[in-house]
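Participant: Below, each chain spelled out in residue letters.
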Amino acid sequence: MLELKLADYKAEKQPDWCPGCGDYGILSALQMALFELKKDPSQTAVFSGIGCSAKTPHYLNLYGVHTLHGRVLPTAQGAKLANPHLTVVAVGGDGDGLGIGAGHFVAAGRRNVDMLYILYDNEVYGLTKGQAGPTLGFGEKTKSLPKPNPQGRINPLLLAFASGYTWIARGYAYDVKGLKELIKEGLEHKGLAFLHVLQPCPTYNDLHTKEWFAPRLYKLQDEGYDPYVPEGLPPEELDRKMAQFQEKAAEWGERIPIGVFWKAEVPTFEERLKAYLPRYPEVYPALGQREPLDLEGLLKEFAL
Amino acid sequence: MDDFTWRVGGPQGGGIETAATLFARAVGKGGWWVATKREYHSNIMGRHSYLDVRLSRKPVEAFRERVEMLVALDGETLARHLDQVRPGGALLYDPKVLDLTVHKLPMLDHRVADALSERFGKLDPSLKDLLQAYVEAGVQPLPYPFEEVADRIGAELGVPSLQARRTLNTIAVAASLHFLGFPLEPLLEALALQFRGKVLELNQEVAKAVYREEVPKLPFQLHLNGYEPGRVYLTGAQAAALGKLAGGLRFQTYYPISPATDESTYLEAHTAFQGADVAVVQTEDEIAAVTMAVGAALTGAKAATATSGPGFSLMAEGMGFAGMIEAPLVVTLYQRGGPSTGLPTRTEQGDLMFALRGGHGEYPRLVLASGDILDAFLDAQKALAWAWRYQTVVVHLVDKFLASMAQSLPKEALRVLQLDGERRLAPRQEGFGPYERYAPSEDGISPFIPIGTPGGFYWMTSDEHDLVGHITEDIPLREYQMEKRMQKLKTAQEEILLEDQYTLYRDGEVLVLGWGTVKGTLLEALDHLPGVGYLHLRLLWPFPKIAHLLEGKRLVTVEHNYSGQLADLVQQETLKRVHHRVVKYNGRPFTLDEVVEALKKVLAKEAPERLVLRKGV
Ligand SMILES: Cc1ncc(C[n+]2csc(CCOP(=O)(O)OP(=O)(O)O)c2C)c(N)n1
Ligand code: SF4
Ligand SMILES: [Mg+2]
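Heads up: the sequence lines are chains A and B, in that order.
In this text, residue positions in the first sequence follow our numbering: the first is 8, and each later residue adds one.
In this text, residue positions in the second sequence follow our numbering: the first is 1257, and each later residue adds one.
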């Protein structure tokens, strides 16, 4: 591969996000992380759903796939399973991942395909002009809501945990450096990594703004929080880790933690597939048909 | 006898499928061609189910209305299949059921029980009354106490009753064949195809014991028909799965649904065979199934999914996505009775218009339909090849009737077609930058570039896009991309061989048009209908140019749906009027007899514009 500079990862296409949108910070962090890990753009695919956030792939020089609203995870998993050598990142908004795509969010956790999912959480449906997102709290009223939100909020971290994500972290869109480090770690994690990003939307979310977040955020790792859960941890230890996770994942209000919450070693779906598919991953679907089909052999069970 | 149908009925989960397979294999080993159809409820255990095995001296794929021999493994079968045995035929039943009454049969529909009450002029007729009616209709009763026989043979062989009763299916088949004067050897061979080890030994001993007992000889006997090796006996779902393998499938997704699931589980079970490495993923729903298959296809993997109506409804948006980003995708649609959950385990061809049009906006899609088991095998290969040739969605229509039907075929008919025509971009050797994935192309087909192709990258979006795949709302670009995509339909229509588009099996003043699984029935019906022709449509979209074949004919469509969807399509595409629509929507496939009768009415100019056929159990 050619030597690439940071700027080479950035596409010519100019983002059309509103000025001050948190999405810019996430894009920069992702671009930096891919650059620092020297990812080959021709072997990297960024998938997205539909929303403001989901335009991200168009701003990066790599295989970018802007799918359907809510369907980023199954599409991305299909590509990764078919070609396990690709680096696969999925991105999308809170509405995309936890509203219309919530079923896929849960199911992806059960599989643990080796990829990274970044959820841009602005608590609103940005692209459709600010309706309540699934992470907006009950009774909260952002700018375009005619009445306070009558529905409650999903806690993305707890849901990810319950679903089986093996690496769970939270970042902040304006902490680009910190976010970059989290993305790098998520990319290097073996299994499905979930990165929840607090993403201010200056246009529609007038409750949880940069000013609101700034004094509240703190870094878990600065307080000595250890997210690592090795394989075969004794049950009491595991219980302790889970309690610690739950406590921090639920913390919201005066203090809001960011950092890595959970990092477990669990066999990936690619490894599990081997039980069904003896020659996987050496023979992976994207390679196509390499040997002729043993039709004779297959027809034996039907012989009359 | 040249035409013989054996029917076995009993509770679901009681192994009557095993019995039918065993019977089919035994007569198959005796040289007969066979076709088996399966009727069952959406239920796991206990509800009524039955199978017909039809024998013929040549390959067969249609079914008769009445049967020559009915094996009733329970009382409910007697009640449901009254009038279904041909006069002169035989009824094998366990005499212990005769004490039951129809209103005490727990799974019998009230409607059926009430009809029997009325017919027999009794509040609650007993099965003795029913048996009497069979006899009056000229059916020969063959009382046969299956369980008693099992216990007796068990005792002879020193096998506990519980174990001996597990061979009831074998006993039923052996008794049937013994009554028919059919030799034992083919049955023993068929058992060897079905069982192994100790179980095989026991079943073979049981069969021999059944044959040792004297039974009255029936007036009609079943002889050997000259065994020839090299035949296979398989279901439509298995044929479709094998066809996908032959077509190079590498990735299949599915969400469980009758009657589509069998295809995917077959694939899951056979990945150890050379060339059959298919990653099969059971997804969380059909939306994931279709989009995951698209994701896989984007990397260059031949990918497909299989579903039935409710799942297909959920796939509409994902299919449009594939059409928009020009991803090759095969969706095998196992139609079943709709709308909504409908008749989950019964057949229908109600999804033709939906397959053609379902989803928002316009994109090129190809729709082909299989007429029988061999077609399903060959069409699955074509579907994959076309998806990759035209880089778009191909819907392969099959249905429940075909999925669960089994048929014997000459093995050599299952050919691996060497289909190609896929266009891929040669990776850039020098430099690095965006590829023009959606570059101009006269026939609408730009070279495919799998994700992971070195030398560059590009974007894909469900939004309208420019040549490298970035979102655009620019007018000329929109017009150009729309035209480029839709051009693929014209190209496909020109390139796809006429023999893959339709077959005019016979011309006639009265010309029947059909699609999908009415094929076998109509082809056999032609033998009884001089002057009637049959045009079978294989490709439904782009719609074949058939107007010239319809000139001056009296046109009749025959299909399993309410409105006559093919008739509408033919009229729309050819501007020729369809004079008669023969339809059926009770979930049971057409019988040969009712179709012949309906078409005779058409020939005699006695038929209304719309004929609804209603036969079936
Ligand atoms: C099936 C479907 N329903 C609705 C929409 C309309 N829609 C587009 S974006 C969007 C919400 C986006 O919100 P979110 O996912 O949070 O992304 P954001 O714009 O906030 O980044 C909706 C509802 C759609 N594109 N597809
Ligand atoms: S609406 Fe909000 S999320 Fe969307 S671009 Fe504007 S600021 Fe960003
Ligand atoms: Mg949002």
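The set of hints was computed from the structure by calculation and includes no laboratory data.
Ideal placement from N, C-alpha and C gives every residue a C-beta, glycine not left out.
Hints are supplied without guarantee of correctness; some may be wrong.
Stretch-level coverage of chain B by chain A, calculated; a stretch enters the list once three of its residues show a Cβ under 8 angstroms from a Cβ in chain A [what the hints assert, rightly or not]:
hint, region
1, 1499-1507
2, 1551-1558
3, 1825-1832
Participant: Given that the region 1551-1558 of chain B was listed as covered by chain A, double-check it with a C-beta distance under 8 angstroms for 3 or more residues.
Facilitator: Three-residue rule met by the region 1551-1558 of chain B, so holds; n is 8.
Participant: For the region 1499-1507 of chain B, does the count of residues with a C-beta closer than 8 angstroms to a C-beta of chain A reach 3?
Facilitator: holds (count 5)
Participant: Are there three or more residues in the region 1825-1832 of chain B whose C-beta lies within less than 8 angstroms of some C-beta in chain A?
Facilitator: violated (count 0)
Checked against the numbered hints given earlier, this structure breaks only hint 3.
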